[in-house]
Structure formats: C-alpha cells, structure tokens
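The listed protein sequences correspond, in order, to chains A and B. Heads up: take any position in the first sequence, counting from 1, add 6, and you land on our numbering. Heads up: take any position in the second sequence, counting from 1, add 4, and you land on our numbering.
Just to be clear, a hint being listed does not mean it is correct.
Unchecked claim - Here are the simulated PhoX-like pairs of lysine-lysine, each with C-alpha atoms no more than 25 Å apart in a straight line:
| # | chain 1 | residue 1 | chain 2 | residue 2 |
| --- | --- | --- | --- | --- |
| 1 | B | K75 | A | K62 |
| 2 | A | K62 | A | K76 |
| 3 | B | K61 | B | K75 |
| 4 | A | K105 | B | K18 |
| 5 | A | K76 | A | K105 |
| 6 | B | K75 | B | K18 |
As the list claims (entries may be wrong) - Which stretches of chain B does chain A cover? Using the computed rule of at least three CB atoms under 8 Å from a CB of chain A, they are:
| # | region |
| --- | --- |
| 7 | 15-27 |
| 8 | 63-77 |
| 9 | 80-86 |
Calculated directly from the structure, the hints in this document are not laboratory data. Everything numeric in this text was worked out from a predicted model, so none of it was measured. Glycine included, C-beta positions come from ideal geometry on N, C-alpha and C.
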Amino acid sequence: TQLLEQSPQFLSIQEGENLTVYCNSSSVFSSLQWYRQEPGEGPVLLVTVVTGGEVKKLKRLTFQFGDARKDSSLHITAAQPGDTGLYLCAGFFGGATNKLIFGTGTLLAVQP
Amino acid sequence: DTGVSQDPRHKITKRGQNVTFRCDPISEHNRLYWYRQTLGQGPEFLTYFQNEAQLEKSRLLSDRFSAERPKGSFSTLEIQRTEQGDSAMYLCASSLGPPGSTEAFFGQGTRLTVV
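Pulled out of the complex, with its shape left as it was, chain B reads as follows:
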C-alpha cells in the first residue's frame, strides 16, 4: 500500500457545475477525514467517517457538499452548484482508531479552481 491517494490532483470547473473527488485511504485504516485548506492556512475540518458511518459534519459543510464512504473503504466528496468561494485544496486523511489517538496520514490533495 502506497498511502492515501486522491483523484484528481487538480480540477478546474465553471461556477454552477458539480464536481466529485475520490479518496482511497490506507487499506487497514478505519477512519477517513476530509479537510479544506486555503493558501497559507491550516486545514479546516469538514467531515469524517469511521468505517462507513459519517460521524460528524462541520458547519462549514453547506447543503451543497456531500460525502460518502459506502463500503468503508474509499470515499467521495461531491460539491454541487460550485461557487468561486469553493476554490481551495481538498485534503483527505486516514487513520486507525479508536480507541486512543493515532497518526493521520494525508493524501496529496485535490486542488479545485472554480472559474
């Protein structure tokens, strides 16, 4: 296993279009996180899963955002009716747990540009 992978690496879309990103976590990791990051800032938590269950969604996640992890393996993040403010790096991470806290490993991210 080569780590967390995200696809695509870059996405340019027109305002109003829908986009979907995919994350493949490290295979034995049961937790999967999605974050959004703008330039020079720390990643902002969006949502996370334990296996296939979505445990929490941030208030940052409007109704236009939806995430799934149907079989507890890969996850998708969909943004409907994209807006220019959605332009950011979308990061996925995975980890083992609970119980206790362990390291999270990140993918290289998907850079979204809404024009």
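Looking at chain A on its own, in the form it has when it is part of the complex:
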C-alpha cells in the first residue's frame, strides 16, 4: 500500500503552459516536502510545508499544504524546458519512527 499517491504519473506539456501536480494520502503528515530530481542525480529539496493551509511560492512554483495536512499540490506557471524532471512529494509520518516516505512521483516533460 502506497502511503503517498501522486497524480498525474506522467505529464508532457508545451512551454508556457500551466500545470498542477497532486500528492494525496489518507494519513496526516507532520510535514511535507517537494523534491525535484534530474536523471542520474539525487532528489533536490524545493520546499517544506508544515502548517495546514500553508502556501509557499518559489518563483513560478506555488506549493500548497491541505488544511488537514493530508494532501498537497504543486502548481507551475508558464512552464519552461528547464522544469523538466521527476517531481516527488515526501512526508515525515509521526509516531515512534517518524521516517521520510516518498510519493509515487510525477515525471514532467516540458517541450520547447
């Protein structure tokens, strides 16, 4: 059972278009992170959201944490070819272990 489900799994768009990636779970996160990964490299942290309802912006990227802290979204405005990559959400689940679990991933391809 996958704790964090991302949608869509794959997205191919033209430069200049907008897109939204979703990350959903039935569990509550103590915090949630978004990473971007390029081929052959490790994931690179984009943002961490902690408070329910929180919205963070990073240039053309807008991240939102759901009020109940069970879901999150990533919106990219005017996508560019440099945005191409694998986008991953990840959550620290509370309790004794508090380990970092990743979502299923969204592979984004932005065509020039």
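Starting from the known structure of chain A, arrange chain B on it as the hints suggest.
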C-alpha cells in the same frame, strides 16, 4: 561540508557477486536513510539510522541486504549474492532530528547494474 556523498557513483557487477556502497552524510546530521529507486518511480524506503542505531528496516530488504553505521557517521549498504532485480539507483539521505521533522538532503546515488 559539501553535502551527502555516495561512493561509487556507478557499479556494474555479475549476478551472484557481493557489492558494498558507502554514504557519508552531512557531518552534524544524526539521521541517515537508504532508499532504492527504479526509473521514473519515487524512492522506496529501505532502512534508516539514528546515530549508530538502525531504527527500522523495510520488508523490501531481504536477508541479502545489510546496512551498518558503526560510529554514527558514514554508513555502508551491502548486497550479497546480487540478482538482476537488484539493479536500481541506491540513494542515501541525511537529516537532523528528532524532535520534529526537518529536511532530508540526498547524495547523488549509486547506480547498480547486475548483469
């Protein structure tokens, strides 16, 4: 400190051989994670350490896999009697905590190919 480093970056091995990977975390980080990732998928949790203690192992980790962090600094992941299904990217990450949750920083990974 330049971040999390993993060695080697690439490893090609014959089926049945043993391999060992090394991860050097960010020096002040007490938590160290190992993940396995196949192409286009999210990383799958394998195991993690707090200091030298191994806190949890995934059921994905068969008896052929073992990880150590003997002095609470670097860690090694060994795979014995490798199989073709072990071919994947093996990622290491480190973080501070607990209490609370903080960002995890990743190495560039070790790409394992079993032929």
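Quiz prompt | Restraint status (C-alpha distance of A/K76 to A/K105 at most 25 Å) | solution = 16 Å, holds
Quiz item: Residue count check for the region 63-77 of chain B against chain A: does it reach three with CB-CB under 8 Å?
Solution: Coverage by chain A is violated for the region 63-77 of chain B (0 residues, Cβ < 8 Å).
Quiz prompt | chain A covers the region 80-86 of chain B, three or more CB atoms within 8 Å, holds or violated | solution = violated (count 0)
Exercise. Sort out whether A/K62 lies within 25 Å of B/K75, counting only the CA atoms.
Key: The hint is violated at about 38 Å.
Quiz item: Given as covered by chain A, does the region 15-27 of chain B meet the bar of three residues or more with CB within less than 8 Å?
Solution: violated (count 0)
Quiz item: Is the Cα-Cα distance between A/K62 and A/K76 25 Å or less?
Solution: 17 Å, holds
Quiz item: Is the hinted pair B/K61 and B/K75 satisfied, with a Cα-Cα distance of at most 25 Å?
Solution: 19 Å, holds
Self-check item: Given hint B/K18 paired with A/K105 - CA-CA distance at most 25 Å
Solution: Outside the cut-off at roughly 33 Å; violated.
Quiz item: Given the proposed pairing of B/K75 with B/K18, does the C-alpha separation stay at or below 25 Å?
Solution: 31 Å, violated
Checked against the numbered hints above, the structure breaks hints 1, 4, 6, 7, 8, 9 and satisfies the rest.
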